[in-house]
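On the provided structure of chain R, position chain C as indicated by the hints.
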Amino acid sequence: KAGVTQTPRYLIKTRGQQVTLSCSPISGHRSVSWYQQTPGQGLQFLFEYFSETQRNKGNFPGRFSGRQFSNSRSEMNVSTLELGDSALYLCASSRQGNEQFFGPGTRLTVL
Amino acid sequence: GEDVEQSLFLSVREGDSSVINCTYTDSSSTYLYWYKQEPGAGLQLLTYIFSNMDMKQDQRLTVLLNKKDKHLSLRIADTQTGDSAIYFCAETPEYGNKLVFGAGTILRVKS
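Protein sequences appear in the order of chains R and C.
Each step along the first sequence adds one to the number in our numbering, with nothing skipped, and position 32 is 32.
Each step along the second sequence adds one to the number in our numbering, with nothing skipped, and position 99 is 99.
Take the hints with a grain of salt, since some may be wrong.
In the SDA-like style, the derived pairs of lysine to any residue whose C-alpha atoms are separated by at most 25 Å in a straight line are [to be verified]:
(1) K70(C) to N98(R)
(2) K57(R) to S28(C)
(3) K36(C) to Q96(R)
(4) K68(C) to P39(C)
(5) K36(C) to E99(R)
(6) K110(C) to K70(C)
(7) K70(C) to G42(R)
(8) K56(C) to E99(R)
For the record, the hints were derived by calculation from the structure and aren't laboratory data.
In isolation and in its complexed conformation, chain R is listed as follows (with noise of 0.2 Å):
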């Protein structure tokens, strides 16, 4: 059974612009959890969606977004990024709760 995906694995961007980061959970999976990692904060929840649904919210500002498709894929995106959004982004999926599987990460690096 294939783990969960995300694409890219690496970006680089600059101040002000936004990303979108993308995340395939593993098959069956409906719901998708989005987490950040820097050296400073650790890790931190973002947010969760479950059946195209956001479910949970972590406390990060409006320009943190995402969204879940039909096939339960899901997105994220940081809009007028700044350098302290540089981090390691992971996604985790599970089937209804207790089990939560990650992704290797996209890490963002913002100049």
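Same frame as chain R, now just chain C:
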């Protein structure tokens, strides 16, 4: 509130047992998790324990949960150099799939 604390660093010799400790604050957490992260990689789910259990064993891994003290530990028997990584403890507050992570414990295994 939600807070998870871990010691930052542990060094052991190959073949010894490793014990990584974690304390959490949310008594309503239903599941508690251990994840492993190797350099440049995403998070690998190692094991998890339901909050009504005291212990769970899975091959070389033993998880102990003291719900009264809100203390979770991960014991790795016969630690190998391939176990060198960062280990994250995480809890799920009662609502949704949101994971709250500790800062991670760096495990260094010396041969």
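Comparing the hints with the structure gives:
For the suggested pair K70(C) and N98(R), the alpha carbons sit about 19 Å apart, so the restraint of at most 25 Å is met. Of the pairs offered as hints, the one joining K57(R) and S28(C) holds, with about 19 Å between alpha carbons and a cut-off of 25 Å not exceeded. Using a Cα cut-off of 25 Å, the hinted pair K36(C) and Q96(R) holds, with the two alpha carbons roughly 22 Å apart. About 34 Å separates the Cα atoms of K68(C) and P39(C), which puts this hinted pair outside 25 Å; it is violated.
Restraint check for K36(C) and E99(R): the C-alpha separation of about 14 Å stays at or below 25 Å, so the hint holds. Among the hinted pairs, K110(C) with K70(C) is inconsistent with the structure: their alpha-carbon atoms are about 31 Å apart, more than 25 Å. A distance of roughly 21 Å separates the Cα atoms of K70(C) and G42(R); the hinted pair therefore holds under the 25 Å criterion. The straight-line distance between the Cα atoms of K56(C) and E99(R) is roughly 15 Å, inside the 25 Å bound, and the hint therefore holds.
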